[in-house]
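Just so you know, the sequences run in chain order A and B. Under my numbering, the first residue of the first sequence is numbered 1, with each subsequent residue one higher. Under my numbering, the first residue of the second sequence is numbered 1, with each subsequent residue one higher.
Quick caveat, the hints were computed from the structure, so don't treat them as lab data. We put the CB at the ideal spot given by N, CA and C, even for glycine. Warning: the hint list may mix true and false statements.
Said to hold, decoys possible - With a straight-line cut-off of 25 angstroms between C-alpha atoms, the simulated DSS-like cross-links for lysine-lysine are:
#  : chain 1 : residue 1 : chain 2 : residue 2
1  : B       : K134      : B       : K124
2  : A       : K89       : B       : K140
3  : A       : K114      : B       : K74
4  : A       : K516      : A       : K443
5  : A       : K89       : B       : K121
6  : A       : K495      : B       : K74
7  : A       : K585      : A       : K637
8  : A       : K481      : B       : K74
9  : A       : K137      : B       : K121
10 : A       : K486      : B       : K74
11 : B       : K140      : A       : K495
12 : B       : K64       : B       : K124
13 : B       : K64       : A       : K70
14 : B       : K64       : A       : K479
15 : B       : K74       : A       : K137
16 : B       : K94       : A       : K486
17 : B       : K64       : A       : K481
18 : A       : K137      : B       : K140
19 : B       : K94       : A       : K116
20 : B       : K134      : A       : K116
21 : A       : K114      : B       : K94
As the list claims (entries may be wrong) - For each label pair, taking beta carbons as the anchor points, the in silico distance ranges come out as:
#  : chain 1 : residue 1 : chain 2 : residue 2 : range
22 : A       : F537      : B       : P75       : 39 to 47 angstroms
23 : B       : L67       : A       : E186      : 43 to 51 angstroms
24 : B       : T57       : A       : Q498      : 26 to 34 angstroms
25 : A       : R173      : B       : T40       : 22 to 30 angstroms
To be verified - Derived contacts from chain A toward chain B, CB cut-off under 7 angstroms, selection only:
#  : residue
26 : A124
27 : G128
28 : P129
29 : P131
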Amino acid sequence: MKTARIVLAVLIALAGAALAWRVCEGLRVETDVLALVETEHSGSLMELAAGRARQGQLLLEGGDEEQLVKVANVLSEQFKLNTAVDFQKTLRYLAPRTRGLVSAETRELLRAGKFKDVANASAARLFGPVPPLFSVKDDPFLLAMDYAMSMQSNLAPGWSLKDGYPVCERGDRHFLLMQCGDLSLEKAEEIMQGAERINGSFAAGFAKIWCCGPVFHTARSTSSAKREINLLSVISVVLVALLGWMLFSSWRFVPQLLVTVGVAFFVATGALFAFFPCPHVITFVFGVTLIGLAVDYVYHSRSAGGAGKVLRPLTQSLATSLACFAPLLFADISAMRQMALFTMAGLAGAYLCALAWRRSRGDRPTGGDDITRRSRGDRPTGNIFAIGVGLLVIAAMCGICRVKVSFEPSAFYSPGKFLAEGEKRLFELNPMGGGKFACIKGKTLQESLEIEEAVGLRGLSAVIPSLRRQSENVVLVEKLKESEGKTYTELTGLKMPQEDTRGFLDAANVEDESLKKVVRSFSPRGNEIVVPCPEGFQSADTRVVVLDPRQAAKKMFARLFISAGKLFYISLAALAVLLIVFFRKKFFDYMSGVGGAVLCTMGMLGWLGIPLTCFTLLCFFVMAGLGLDYVIFHRSKPVPETRRTVLYSFLSSLAGFGMLAFTEFPVTRGMGVTLAFGLFFAYLYSGDEFSRRRRVTSSPEAGKQGRTNNSNASRGE
Amino acid sequence: MCKRSTVFLAALAVLCGAVGGTVAVTPASDAALPETASGTFIQRKTLADVDVTITSTGTFRFEKGRLFEWRTLKPLPSTFTATPTNYAITVNGKTTTRNLKSNVDEIAKIFEIKEVKEFVKGVKSEPQVGFPNKVTVEFKNGDRLDIEMKR
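Please model the complete structure; the sequences and the hints are all you need to start from.
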């Protein structure tokens, strides 16, 4: 025990040093799900996701456009959203910077040498009823005005501007879009709740407010997760504490349990940060499984009256759990290596803490007689129980043929009806393109704009052309003046300017708020531009990367799944070897329990229609680790105290992990269901019910021995 | 209701979204608005910063809720057409369309862009009720639009 204490102290010191080192550098945790796996363009995808993470839109739908504008104004006022475009202000800002701005149509005519057509269109504008938006002194052809009037059409084809809001109509339905820009999660949740409240108060068909964009999904998931965590963790803690009290009839186990769990997490976190400067948050979520393993060690050491008395099964349990997780250390996916390291270090910490704990007295499990009577009972009851269990196992396994594997993002996240409906509508209206994006990586924003123009995409450059293109436009306009200037002057009386005092519009240095929003929406992170791109778009330019977030997510989840699947086989093989070393010929008794639990759990997932994903697959590692613990302890000393301790250990783990099955988030829900069934079947197989029957039928002496053990235990021997 | 009535008056004020101007335009009842109107016009557009007045003549057609057409015949034939969904300029058979919301039911809204309205200093029309014969729009930058219409 002294050695254990020394080793534990060294481990704690090392973990503390590692954490202190990282704290000095600034502790960082990766939260982006796309960072889980390195895939093609995953860096660009993460940047894309980060740039859009706080963006949100409100889509208003109704039968009357005027009403929508009024609702939009009320929402803007209520939630302090500056969503309407102040076009007048923008025009004022543009006025001295319009030298190189011409609409896309006019540019094409000028490039084609159709100067007469351009001059005629300009004259028509001049003689028409519309007043010039900019001074004709520098721009007698009203080209800048033509550009300004085409801005909204360029930005979102099919949409127009009404009172500063982009609007469109489909059939008899009108839509208005409010670009909220960057929102905090709190603000997004506040808006969402307000929108739902307002929707409920409107008469049917009057107006409907839909919330769209990543920030609303994150806000809803976060608030939902917080609510669930608060509720479920309280229930879990109460249940675990209650179960511990039922096992020991006292609260004296609590300090040891808290210290063991605390030490396990401290050592695990230290080890993780020592090797991974920025671990993924999913590692900590997965690391919660340490609690179940720590509970096992504490309960068994206390029920035996000290860890020394169960040193052998405790060590075997540790060794098999380590063997179970060790293959993950060699995964080519960083997140898996992190999970393995975290869990293994934590296990070692929990094991050493259990050994180092001062021997407890008078804290033995109670009620062993009852358990013995209930679980073994007389022969007829035992037979019925065995038949029932057998039928359950067969029924569960039959579900295997219904198991589905899914890499679809919807298997990992599915929004609520309100958010899903909004996204569906926005996608159908498609103001900014489909599901694919082109990421244009120039060294500067101007270079990115030039690339965008060169490859023919209509993104930011459709609104603010590059400086190079603006210079080209100036040359084209000079040619127009040379070709049509004289005739135009004779027709209109407007003289051609000798010197143009206007400047250029630089997208990298815009100061107008509306234009800034436009630039930010295309270029949220510095010099790169992200543009929705049409289906089938390709570019030979290596600086243009076409991103398909949905496909990328599928690839990532598929890779995680395949990797986890392969490693699980390796884990099982490693476990088999270790079990042969420990138990020789009896290894099959141990291994069959794990195998049976895995098959039954898969079957139950099939019956319940829960797809097998990379996350549920990871639960099988935990299930194997905990399941083997149950078998090892059950068989190390098949007495009622042990069975009772294993039972309460199982129930505590079930109370902890099973609660996840009641969460809304599909990933945690799937993990909760998998772990709940996994632990249940692992416990079921771990009992000496099956093996005892096998021993009874195959070896009368062994059966007799088993019964003798039970009767001895019943007498408290 | 006020906007609806100003409707103008005939086309023009429209163009400038004159309703939003600072000069009051006496409201008229909806009943005063014709379902359709057509006629000829003389338009004088004074551009202050270059001190040039551009004169054009042509015909106009107004169909409530459907169409506003401003056809310039001289000096350059062209047509400006506004519908509830688009406005278009046609010159020499070539049409440039802009998807800009308009509402010919309320002439004042043809130039929905409220910002354009805010460039307007004021609007005067004669008569103030019903379809006007004469409309003057003054812009804040000194520009001016004088339109005479004959139905």
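Structure-based check of each hint:
no. : hint                               : result
1   : B:K134 / B:K124                    : holds (8 angstroms)
2   : A:K89 / B:K140                     : holds (15 angstroms)
3   : A:K114 / B:K74                     : holds (23 angstroms)
4   : A:K516 / A:K443                    : holds (20 angstroms)
5   : A:K89 / B:K121                     : holds (17 angstroms)
6   : A:K495 / B:K74                     : holds (20 angstroms)
7   : A:K585 / A:K637                    : holds (18 angstroms)
8   : A:K481 / B:K74                     : holds (23 angstroms)
9   : A:K137 / B:K121                    : holds (21 angstroms)
10  : A:K486 / B:K74                     : holds (19 angstroms)
11  : B:K140 / A:K495                    : holds (23 angstroms)
12  : B:K64 / B:K124                     : holds (22 angstroms)
13  : B:K64 / A:K70                      : holds (24 angstroms)
14  : B:K64 / A:K479                     : violated (43 angstroms)
15  : B:K74 / A:K137                     : holds (23 angstroms)
16  : B:K94 / A:K486                     : holds (22 angstroms)
17  : B:K64 / A:K481                     : violated (40 angstroms)
18  : A:K137 / B:K140                    : holds (16 angstroms)
19  : B:K94 / A:K116                     : holds (12 angstroms)
20  : B:K134 / A:K116                    : violated (34 angstroms)
21  : A:K114 / B:K94                     : holds (12 angstroms)
22  : A:F537 / B:P75: 39 to 47 angstroms : holds (46 angstroms)
23  : B:L67 / A:E186: 43 to 51 angstroms : holds (49 angstroms)
24  : B:T57 / A:Q498: 26 to 34 angstroms : holds (32 angstroms)
25  : A:R173 / B:T40: 22 to 30 angstroms : violated (40 angstroms)
26  : A124                               : holds (3 angstroms)
27  : G128                               : holds (4 angstroms)
28  : P129                               : holds (4 angstroms)
29  : P131                               : holds (6 angstroms)
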